[in-house]
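*Asks:* Here is how the chains run, residue by residue.
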Amino acid sequence: MSREIKLNVPFITRVEGEGALQLSAKGDEIESLQLQIFEPPRLFERFLQGKPHTDVADLSARICGICPMAYQLTSILAMESLFEIELPDHIVDLRLLMNLGEWLQSHALHIHFLAMPDFYGYDSAVQMAAKHGDLLTRGMQIQEAGNTLMRLLGGRSVHPIGLQVGGFAALPDKGAWQHARQLVNDAIPAAIQLLQWTAELPIPDHSQDFTYVSLLGEDSYPINGGNIACSNGLTITAQQYPQHFKEHHVSHSTALYSLVDGQDYLVGPLARVNNNYRTIPEHIRHLAEQCGLEFPNMNMFTSIQARALECLWALFEAQQMLQYDVPKGQAHVPYKVREGECSFCTEAPRGLIFHHYELEQDGTVAKCTIIPPTSQNQARIEQDLKQSVKQYGLHHSDNELKLFCEQVIRNYDPCISCSTHFLDFTITRQ
Amino acid sequence: MLQRPLKVAIHKLTSCSGCQLAFINQGPKLLKLLEFVEFTHFIEAGLFAPDQEVDVALIEGSVSTHDDLKRLVNARQRAKLLVSIGACATSGGVQALRNMADDKENWKRAVYAHPEFIEELQDCTAVATHVKVDFELWGCPVTQQQVTECLRQLHAGVKPKDNAEKLCMECKRQGNVCVLITQQAPCLGPVVRTGCGALCPSFGKACYGCFGPSEQPNCESLTNRMTGFGLMPNDIVHRFAAIHSQSPPYQQQIARWRLQDLEGSD
Amino acid sequence: MEKGFLPRENLSQLHAVLCQQGYKVIGPQVKDGAIVFDGLRDIADLPWGIVEHTEAGAYRLEDTGDNRCFAWNNGPQGLKPWLFKSQQTVWRGEATSDGIRFKSEQPSPQPLAFIGIRSCDISALYLQDKHFMHSAYADPWYTAQRKQLCLIAVNCSRSNDTCFCESTGDGVEATYGYDILLDELDDGYLVDVKSERGRAITAALPLQPGSQQHHKQAQRQLKNARHQQRVMPDAEQLLKLLEHLNDKHWQDIAERCLACGNCTLTCPTCFCSKQEAEVEPVSGEHHQVRYWDSCFSEKHGYIAGMQLRGDVSQRYRQWMTHKLATWQAQYDRSGCVGCGRCISWCPAAIDIVAEANLILGDDHD
Amino acid sequence: MTDYVPIRARLMVTTEESPGLATLHLKVQSETPFTFQFGQFNMLSMFGIGEIPISIMGWQDGLLMHTIRAVGRVSTAMIGMQKDQELGLRGPFGKGWPLEKFEGRDLVFITAGLGCAPVVAAINYAVAHRNRYRRIVILQGVKHHNDLLWQPKYDAWRTMGDCQVLLAASEESKRKHHWKLGLVTALLDDAEFDPRHCAVMICGPEIMMLAAMPFLQKHQVRDEDIYLSMERNFQCGMGACGHCQIGPHFVCRDGPVFHYPDVKPWLGVKGF
Ligand SMILES: Cc1cc2nc3c(=O)[nH]c(=O)nc-3n(C[C@H](O)[C@H](O)[C@H](O)COP(=O)(O)OP(=O)(O)OC[C@H]3O[C@@H](n4cnc5c(N)ncnc54)[C@H](O)[C@@H]3O)c2cc1C
Ligand code: SF4
Ligand code: SF4
Ligand code: SF4
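Chains as they are written, first to last, in my numbering: chain A, 1 to 430; chain B, 431 to 696; chain C, 697 to 1061; chain D, 1062 to 1333.
FYI, nobody ran anything at the bench for these hints, they're computed from the structure. One or more hints might be untrue.
What the hints assert, rightly or not - Result set (BS3-like, lysine-lysine): computed pairs, CA atoms no more than 30 Å apart in a straight line:
hint : chain 1 : residue 1 : chain 2 : residue 2
1    : C       : K781      : D       : K1156
2    : D       : K1204     : C       : K995
3    : A       : K131      : B       : K462
4    : D       : K1204     : C       : K799
5    : A       : K131      : B       : K589
6    : A       : K336      : C       : K727
7    : B       : K462      : B       : K500
8    : C       : K970      : B       : K591
9    : A       : K390      : A       : K402
10   : A       : K174      : A       : K328
11   : C       : K781      : B       : K591
12   : B       : K591      : B       : K462
13   : C       : K727      : B       : K591
14   : C       : K799      : D       : K1088
15   : B       : K589      : D       : K1325
16   : B       : K459      : C       : K944
Assemble the whole structure, with the sequences as input and the hints as a guide.
*Replies:* Laid out in structure tokens, this is it:
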């Protein structure tokens, strides 16, 4: 049966903005497939120009309410590299701890609020509250552990205020530290259950050949430092990022398309796990393997498992740091502002994030570039859809196709609302 | 007092989504909230029904595209009450900094290779610029307490309680040591609305105003004082040209100190 | 009783004795750039060598490197936050199927021993006692905690630039209200005892007789402390403020005043509070909570449909005339004890003494 | 009766007096009988919404009466309460009209605005104990004649012996029977009472009180025979929260009914 499909999703709510999906196919061939992102221009890169360097962290946080800290920290680390600030160990550790918090809350949110309803046939987690309260509660527990770590060091979990160039505004107090320790300890069994639960999910196999990119951990799992490793064999520093990664503007999207050496690529949990599986402590890998998980792999549908694995890793990592007392020492170190250029990459929950700044003599921002994970994944999502939709079969009903596409997109957790359900699904057949 | 759950739609315009997180980031409190609130439209959580009639529409985000405006007008028509939440909705948010640009086209060009692909309104504006707003929740982001309290009051059939008290009040209740006095830090506390729990001063740093202007903000006097700390006119402009740059009291200071800056540089 | 002498190296025993007798010791410490009263684990945490320099709208600490721990005069708060708490639940309630249930909030006082309290703060305490304990309805939380205070006061050996207790009659020497009084000297502390509670403590200390040298030094220090720059007009003069209600100067002040409430909340005698009905988001329990409030807040003078003090000039006038004048009819004295906090901690650097003098000056009205 | 912690009061009946104004009849859940003076008030609270001061209107058939005008959050919620719903009650607080002191004198009641509950309660009391007082003069001013509450009550009082009821409407264009055009103070010229043996009780906005004073002086009423019921923001009702101060007075504790000489210096002073 030959038919013409015109799948038109006027907007998938934002990908750091708003997106839509258009698919048209004839017979077994996809004629065109566009993931459109019409992110209302917020012009961060422009309005940061002329701002004092000390304002950048608080303003750039507002790029994303789900991973604000990643934006803050990347800008701070970039500037610290320019100012050649030597951070004491305890500050490095505390930043890592806060990073873990952001991963935890973001991953827990994605798994339980965005992805889970798919597996149980609901529209939203809110509707699942009555019947599957236990699953939600488990998610909330892990999420709360993450939030607590963010609050411990940043005052609040959305747009935290604690980070600054040179360290933190203040070190945490003892009571809050102990509270966080408790929540993290308590969340570990929940995260183990979570990992098992993801292993038991009916995960379809849509393995594809693709390029993936993440930071590379030398001897520990990477989060806010290290080189960039690409599955095509490339390993570079953050400074070299612009030489290999190019952005371009396409007419159907306001987000900038990123390609590495001309190739679409994946960033995010699966990319990280694939690149760094060996650096995950053995007892965690053992747990994963016991319940049948296999990494590295090339099936984007396992990204939910990669997220669960990262949650468990993050909790164990946090537990180790929290077992000691609150670190003593300065909250921040003094530094001298310098003129020049700097770049840095960290791993936001959704993947690699790149910042580049040019600062004037007094620290004023002359120029900046910020590349979020979502726009890096955009080209890959389109490619993925093209392949996996075909593999899934265009003979499926409109609704089935729509749900399938949604799930594919959700695998990338592009940004929270982007991975939710499509809107006003319309399809034209002849 | 409503005998049934309050029907609530959450609409997102141009924003970072941080305020919506105040809902789904609240753990067990969310389950309690669901006892008296029924979400009908909440894309972030997966509910899509923008055309359903509701008791309350919560609007996150500022109006910066034609499409934002269209959806806002629709949301207003479908809702008995409309509440704007967060800095973007109440005053335009950070993205409204673009309104201050002298040459807006060049701004876009600086970020996008093909600005002609982008369709947007001239300025980025608050919700109340376009439709009637029944209540405003300030903050960047709003807190879960603010949102829950507002919905609880609306469910009880009363207007939510507004609190535009100065941040200093909360700061003192918390027992913080004033950073303006001890460090001559340019704290905006005396002209910023309470709500965050005086977070920044409790971390020993100056408030940068993410909750917007307080009741009767005497920004004139505060900024005069800041010059005494060695802040230059341009520094003062940046203090106010941040999260709530479009709120009238902060606008005034931006204009005033920009002028000083220009005069000073002549 | 003769004043005893406690050598500096034995100061830690005072701390030890207080702990032994079951007190939680509260003492001055450096926190975030100010002298703050908080739980004192060890006398090493006292602000050794620290003095403050303060003027209208500014406060900064200096480490002089000397061996004194009470050379400073005051910090942002005195005793007030420990008795009249910034946040106090006044009742709890629950909605049951059989109507609502109210539960009273029991006070949870604990024996607290304060080291380093000054004369002005004791005066302020007695003023707050009148308001919270001796008026028509005694405040149960204040009263319960008040009964469990042990006050180890210290005489001031210097004054900072915002102190004016000499002119209000509340310093620099503590004369009542304490259990133990110290004069900090070069090599130790002169110790005076006022109460049974105090005697029980000093009895356990290795006190030596104070020498004449010691007494002389203590007198010299007090004399030194009496040099204060600011002079508050006397009580009778202050009543005349009420004859200046239409002074243009109120408007002048209002242009600077931020109406932020810092003066009232750092003032050790200000007593305003507001109540809020709150709901615990998970249990659903209802709380009526009392918070510190200020006559500078917009809602303070609000009644349905009307704002009694819409202008900030009226609020500042309300504050000053209440504190300095109408307070006298309420509690038999002015409400100001000369601690200078509202001057130091005013972000707009408004100086109540200067303003009061200006308004009462000849060429005003 | 209670101070910091409320007792329960169950709503038995709500009588709507006019749109936005209702009398709540409350069954006070307490072992001890509820005693009060007219002019005193209770602090009424609704769960999760707030607490407000409301004058005591009276006591009838074992029920406590409060007449509430919906002006804002709490008051609106209160008059919308369902039968059998409960609220919290603290009180009675403050000083009421010293009606016993006035025995043997002429009583003059001056009120403006709608439903000045504390005065109506006092009139009710005086009428119930008619033989203790001499002449009763009731002056009431409203904007429009149909703003007048309890019209039948006024009619009944008017026909009672030795009782004068004068009504004024300030924003009416046509005069009605028994009504004068203008402000309540203008009625004073027609009021007939013995200024040497009288007690004047005034309730209403402060400007009205101020405006009444020259008329009363003209009648040669002495300051010490005048009593006023004042209004300020109350948070505690017990003289602790500081909101209700007028000069040295705490209105909730030293008032709300004041002897005029005590508040004279403060009356009408803007900002106090
Ligand atoms: C002694 C006294 C007796 C009163 N008797 C009555 C009466 O019998 N019937 C009646 O309808 N009204 C009476 N009022 C007025 C009544 O208290 C206010 O109308 C009520 O507080 C308004 O509250 P709201 O929340 O509805 O209004 P909003 O305008 O929403 O006020 C917000 C808050 O401000 C405070 N507030 C506002 N107005 C007043 C006020 N006038 N007095 C004290 N606090 C206030 C309350 O805490 C209130 O909750 C009396 C007031 C006083 C002082
Ligand atoms: S730190 Fe800021 S908010 Fe706090 S009292 Fe000082 S000026 Fe006010
Ligand atoms: S202190 Fe100011 S800037 Fe900081 S969180 Fe609060 S309102 Fe925002
Ligand atoms: S008014 Fe000022 S100086 Fe006087 S007691 Fe209060 S804070 Fe101290």
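*Asks:* Please go over all the hints and tell whether each is borne out by the structure.
*Replies:* Now the hints, each set against the structure:
Pair hint K781(C) plus K1156(D) holds up; C-alpha atoms about 29 Å apart against a cutoff of 30 Å. Taken as a hint, the K1204(D) and K995(C) pair is honoured in the structure, with Cα atoms around 28 Å apart against an allowance of 30 Å. Taken as a hint, the K131(A) and K462(B) pair is honoured in the structure, with Cα atoms around 15 Å apart against an allowance of 30 Å. Of the supplied pair hints, the one linking K1204(D) and K799(C) is violated, its CA atoms being roughly 44 Å apart against a limit of 30 Å.
Of the supplied pair hints, the one linking K131(A) and K589(B) is violated, its CA atoms being roughly 33 Å apart against a limit of 30 Å. With a C-alpha separation of about 26 Å, the suggested pair K336(A) and K727(C) falls inside the 30 Å cut-off, and the hint holds. Our distance criterion of 30 Å between C-alpha atoms is broken by K462(B) and K500(B), whose separation comes to about 33 Å. For the suggested pair K970(C) and K591(B), the alpha carbons sit about 14 Å apart, so the restraint of at most 30 Å is met.
As the CA atoms of K390(A) and K402(A) are separated by approximately 13 Å, the hinted pair is consistent with the 30 Å bound. Restraint check for K174(A) and K328(A): satisfied, since their Cα atoms lie roughly 11 Å apart, inside the 30 Å limit. Distance check on the hinted pair: K781(C) and K591(B) sit about 23 Å apart at the alpha-carbon level, within 30 Å; holds. Of the supplied pair hints, the one linking K591(B) and K462(B) holds, its CA atoms being roughly 20 Å apart against a limit of 30 Å.
Our distance criterion of 30 Å between C-alpha atoms is broken by K727(C) and K591(B), whose separation comes to about 35 Å. Proposed proximity of K799(C) and K1088(D) is supported: the alpha carbons are some 20 Å apart, at most 30 Å. At roughly 37 Å between alpha-carbon atoms, K589(B) and K1325(D) are farther apart than 30 Å, so this suggested pair is violated. Straight-line distance between C-alpha atoms of K459(B) and K944(C) comes to about 53 Å, which puts the hinted pair past the 30 Å bound.
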